[in-house]
Amino acid sequence: MKNNKSAKVAGVIIPLCLALFVVFGAGILTVWAAPPSAPLPADIQGVKDRGKLVVAMFNHDRPPFFYENEQGKLSGLDVEIAADIARHLGVALEFNRQARSFDGVVDQVVSGGADVAISKLSITMSRALRVAFTDPYLLFHHALLINRLQLGALMTKNPGKSVMELLSAAPHKIGVRGGTAWVGYAAQSFPKAQVVALESIEELVSSASRGEVLALIYDEYEMKKIMNKSPELNIDLQLLVLPHNFDPIGIAVGVDNQHLLAWLNLYLKYGSTSVLQENDLWREYGAALTPQERAEEQR
Amino acid sequence: MTAATGSFAKLGYWLRSPWVILLGMGGGVVLGMSNRSLAIQVAPMGDLYMNLLTMCVLPIMGTAVVSSLGRLIASSESARYLQRIGVVFALGIILATAIGLGVALIGNPGAGLSLETRGNIGRILMEAEAKAPSSSAVLPVANGLADFMQMVIPTNIFGALSQGKNLQILFFSLVFGLAIGLVPSANRGQFLDLTEVAFNGFVKVIGMAMYFLPFGLFSMIAGQVAAGGVGILMAMGRYVLIVHVAVAVLMIAGGLVIAWAGRKGFLQTFSELREPLVVAFGTRSSYAALPSMLESLRGNFRLPADIVNLVVPLSVVVCRYSMLLVFTIGAVFVAQLYDIPMGASQIGIIFGGAMVGMLAGAGAPGVVALAMISMVLVPLGLPVNAAVIMLLAVNFVIDPALTILNVYLTCAAVVVVGRERG
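Here the protein sequences line up with chains A and B, keeping their order. Quick note, the first sequence lines up with residues 1 to 299 if you use this note's numbering. Quick note, the second sequence lines up with residues 1 to 422 if you use this note's numbering.
Treat the hints as calculated values from the structure; they're not laboratory data. Among the hints, erroneous ones may be present.
Simulated pairs of lysine-lysine, DSSO-like, Cα-Cα distance not exceeding 30 Å [to be verified]: (1) K173(A) with K131(B); (2) K225(A) with K173(A); (3) K52(A) with K73(A); (4) K10(B) with K157(A).
Stretch-level coverage of chain A by chain B, calculated; a stretch enters the list once three of its residues show a Cβ under 8 Å from a Cβ in chain B [what the hints assert, rightly or not]: (5) 143-156; (6) 233-241.
Note that beta-carbon positions come from the ideal geometry of N, C-alpha and C, so glycine has one too.
So here's chain A without its partners, still in its complex pose (with noise of 0.2 Å):
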């Protein structure tokens, strides 16, 4: 009698489990093997059937931003964030640095031979007009290297004047490194000035030197960097660091791409920190800000 009781309720248990197990079997097999349940976005969908993502960059060097080390490897903040953004997308990482000047960089990301342009880029309004741009990730003060002896003769000439006023005031000769966002900038700042665009810092510099120039207008990280690395140069020239005008530096992305471009933007926000902190030579002489210390800077 009591074995009947325990078949019964083995016959009714064991197929039980069985039905059980064949049907979380199925659904486990299912989730596992079927495929996503909706593509992603069109943009994002592309660079990741592609399997690489490719980034736009310049085609000199740029250290601490992009550069080749001693072992001849593609460094520094720029490339490491180009590598982060790849590692969160699940691709590979391609360089395309056939630009030669900065609004070739541009030119690459418009034309499609790259899917975002990372290489210490300046947003600027002219720029925005073809490319979308992420909010900033850096910025850099606008600084000035200033010829001595003719700033000393236009003070005395124009007593109480500040040394923004003197430059503004005529038409004075600004020297920029040419094919940069600082063209623009020089203008901007000193609509009167004669820009005088050179290809290197070196003939930069000693343009200003000898007078050839008034004044140089470029980043404040560059300037520091030069300033510190010939401070005999502090003789002839004038380091004046402008508080209130950035470059603002971005990534660039193609007009059509906007979720890519809204994606970058919460990386930049949320995902970059630890990027930021492990390359900081860019804090180098003091002269970069985040947006968040910028922000701190206003208050």
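Guided by the hints, dock chain B onto chain A, whose structure is given.
The following block gives chain B in isolation, referenced to the frame of chain A:
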């Protein structure tokens, strides 16, 4: 009682002996170099000592000038002495400027500097400008005679006294002393005596303070040595050397003048004036040495008290030989640094500008007086801001020697003015 005063007197004598004073100064140097934190803690006592000396200097200067000029004007000899003062001062200023300029042109403080030296100078400029960005530099240049007169004539003498505006106090004392001397009054003698009593009172205070000179110097020098950076010598070493050479040349010239006019041996002049020289060296202030100068000149050189009491304050305030050297040698340094050729007109500008700059900065404190170098640099087209930064940075190294020079040449002027004819 007698035994106590006897031993006090011995202690006093011992404290004022040159060896003890030198011991105090040397001890300060040793402490400053060996134990910086302790030296910095001890330094405020040196500041207190300076305050004590400075406290007495203004009253001494005022009462000295009023009483001496008053008596001098009242006497029949005023014209002769006043003429002498003018001539001696003018000659002294011209001589100091010429020697400073000459030594600078021979020594070339700023020419052919190595890249490393130029780099060090550049670093000084960079650090100073990073701390205080000079986006608009407004320099205190006296524009014309009206401005200059405003600096000299006080609107409120008590205001001038409370702010320590030495030039204005001097001017007021001269005017007042002159007035007292000219007003025929029966009680004039009493007022002048009163002023002289006040003067002697303050001198007594200083006399007591002089017993503490070794300790005061010890604290001050310890603090200065601990704080000072030797790196500046890497940048401006040649300039410092040339300044000291010019000081040495002028000291020799001054010593010969004192020896001739005071009828003493050359080396004797230094030993007789050791107290003011030592105070000048340790305190870097010719004002702090003023009371010692008065005492040494009256006591050791047998000069008429009224002459000493008048000429010393006048010279200390108006004839700053140190500024003449800085303006000439400093201007040549800056000109050579910027590759400006030294032609006859440039030399003339430096010569004239240095003298005008010194007079324009009379009585003004250190940095303001230094900024008067603009009188020389602006006509030469040289940048004043950078020059002031460089010269200010090295000032603390050359200050002791320059203060000694001011004191010594002042004494020379006094001895020449006061010497008896024949």
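Hints, one by one, checked against the model:
For the proposed pair K173(A) and K131(B), the alpha carbon gap of about 28 Å is at most 30 Å, so the pair holds. Restraint check for K225(A) and K173(A): the C-alpha separation of about 23 Å stays at or below 30 Å, so the hint holds. Distance check on the hinted pair: K52(A) and K73(A) sit about 19 Å apart at the alpha-carbon level, within 30 Å; holds. A C-alpha spacing of about 65 Å is found between K10(B) and K157(A), which places the hinted pair above 30 Å, so the restraint is violated.
Figure legend: the region 143-156 of chain A, annotated as covered by chain B; annotation consistent (7 residues with Cβ-Cβ distances under 8 Å, at least 3 required). Check on the region 233-241 of chain A: 8 of its residues sit with their Cβ under 8 Å from a Cβ of chain B, so the three-residue criterion for coverage holds.
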